[in-house]
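Enquirer: Going down the list, the sequences are from chains E and U. With positions in the first sequence counted from 1, the corresponding number in this note's numbering is that position plus 1273. With positions in the second sequence counted from 1, the corresponding number in this note's numbering is that position plus 1.
FYI, nobody ran anything at the bench for these hints, they're computed from the structure. Source: prediction; values computed, not measured. Some clues are possibly wrong.
[Said to hold, decoys possible] Calculated lysine-lysine pairs in the BS3-like style (CA-CA distance at most 25 Å, straight line):
(1) E:K1351 x E:K1431
(2) E:K1275 x U:K171
(3) U:K138 x E:K1431
(4) E:K1275 x E:K1515
(5) E:K1431 x E:K1485
(6) E:K1515 x E:K1282
(7) U:K138 x E:K1351
(8) U:K171 x E:K1282
(9) E:K1515 x E:K1351
(10) U:K171 x U:K138
(11) U:K171 x E:K1515
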Amino acid sequence: MKNVRAILKRELYGYFSTPVAYVFIVIFLFLTGIFTFYLGAFYERGQADLEPFFRFHPWLYLFLIPAISMRLWSEERKSGTIELLMTLPISVEEAVLGKFLAAWAFAGIALALTFPVWITVNYLGSPDNTVIVAGYIGSLLMAGGFLAIGSCISALTKSQVIAFVISVVICFLFILSGFPLVLDFFQGWAPQALIDAVGSVSFLTHFESIQKGVIDARDLVYYAVLIAFWLYATVIVVDARKAS
Amino acid sequence: MPAIDVRALDRRFGPIHAVRGISFAVRHGEVLGFLGPNGAGKSTTMKMIAGFLEPSAGTVMVNGRDVQEEPLKVKASIGYLPEGAPCYGEMTVARFLDFIAEIRGIDGAARRERIDRVVRQIHLEGVLHQTIETLSKGFKRRVGVAQAILHDPDVLIMDEPTDGLDPNQKHEVRSLIHEMAREKAIVISTHILEEVDAVCTRAIIIAAGRLLFDGTPAELRSKSPAGDIDEAFRLLTTESRGQS
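Same shape as in the complex, but just chain E (with noise of 0.2 Å):
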């Protein structure tokens, strides 16, 4: 554990130590603005939610995590870091786990910053906040399995603007997959059990409903799941093809 953390303040550090940190909060904050009060019309439908808020998370999420977890490790393969750092006396699992810890938190950093939308839904009127904790809480979750599925596409190629791509795919995916687009492609030949369990992958059906205040234990196993799984390909990937 001690190790996690020395990875994960690294990471933070480099982060911050660069204008790629700044960057990011200011779009993401000027970005979510934008869909708010306008394409959600946040004022026009005159309810005390935030709903237009988080409806439009898994699209800004879908192109903006990428853009945090390209570089954790096809930065180190680049650059030749990743031969310091597995020759270091630490295992591969606690450098996935520290580097992914550390866009996490650097995710939840850039969501907390939303703070004053919360302020003023709560100036306002009078929002119900346990709906609006649920959605923070739902939305962090999102953000992990975005940036679970980011880590091992970055740990496949030296390339940050091919792991960009391929992991904005990837997530595009998971986020539709509960939808005709990905389904009419299964249908017809795939069996109903199949379609069903693609279908119950998606990022949006599972956002949606804690998104309403339900934080259902079904929800918190998925993305659970989803993260464990992610991490340990990661784990694999980068066992497999730190030094090719």
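Please arrange chain U on chain E, whose structure you already have, making use of the hints.
Expert: Frame of chain E, contents of chain U only:
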């Protein structure tokens, strides 16, 4: 018991047979010079000793421990300078050394003391608060050396520690190696043959993945009719090319 015991070490990268059954041992108090043309398998062998690459066959024992069976314990006892001295460019020298100390489990007052000592030994005082990416090649290399000796390891493996240093800095690093040689087992690779005379108690030559020579620098010199170490190297390494 030898500090490093390499037995029938073999490594393939797909169709390329990089290291072909190399065996040698290094005792405490010895400085082993690793020589050979570019692409001979020097770095690959060092990577396997440091636990970064898995051998295709053969074993590496460090202080009686198998690198593959107890990787973390072995890595804890080794100081390793990878080829090209990769470091995290966005970190300052002080932060970077602090991170290495944390991972190496050096805490509290001992950490300060060790870092101070190494910074004095390698003369990094002037650049302590500069980010590593802004440093000259020579300073980057010295940061790499500092990182490798920070935990006062029993076994030191350095891939081209003097590459890119000016004559004064080369002299300093050589004196440092000399100083540490008494109680440590040290392996360095180099292209500079005079270095072998200056610091090594033993030399190994590998070419095309095979061990061609293992003996003292004096023995190496005696391989050449003129008693010249450069000529001896040329004779040994070009001879093998003719055979294969």
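Enquirer: Could you run down the list of hints and mark each one as holding or not?
Expert: So, going through the hints one by one against the coordinates:
1. E:K1351 x E:K1431: 5 Å, holds
2. E:K1275 x U:K171: Answer violated: K1275 of chain E to K171 of chain U is near 36 Å, above 25 Å.
3. U:K138 x E:K1431: The given pair, whose Cα atoms are some 23 Å apart, holds under the 25 Å limit.
4. E:K1275 x E:K1515: Roughly 23 Å separates the two Cα atoms, so the pair holds.
5. E:K1431 x E:K1485: 40 Å, violated
6. E:K1515 x E:K1282: Holds: K1515 of chain E and K1282 of chain E sit about 22 Å apart, inside 25 Å.
7. U:K138 x E:K1351: 18 Å, holds
8. U:K171 x E:K1282: 34 Å, violated
9. E:K1515 x E:K1351: 10 Å, holds
10. U:K171 x U:K138: Measuring from Cα to Cα gives roughly 13 Å; hence the hint holds.
11. U:K171 x E:K1515: At roughly 31 Å apart (the allowed maximum being 25 Å), K1515 of chain E and K171 of chain U break the hint.
The structure does not agree with the numbered hints 2, 5, 8, 11 stated previously, though it agrees with the rest.
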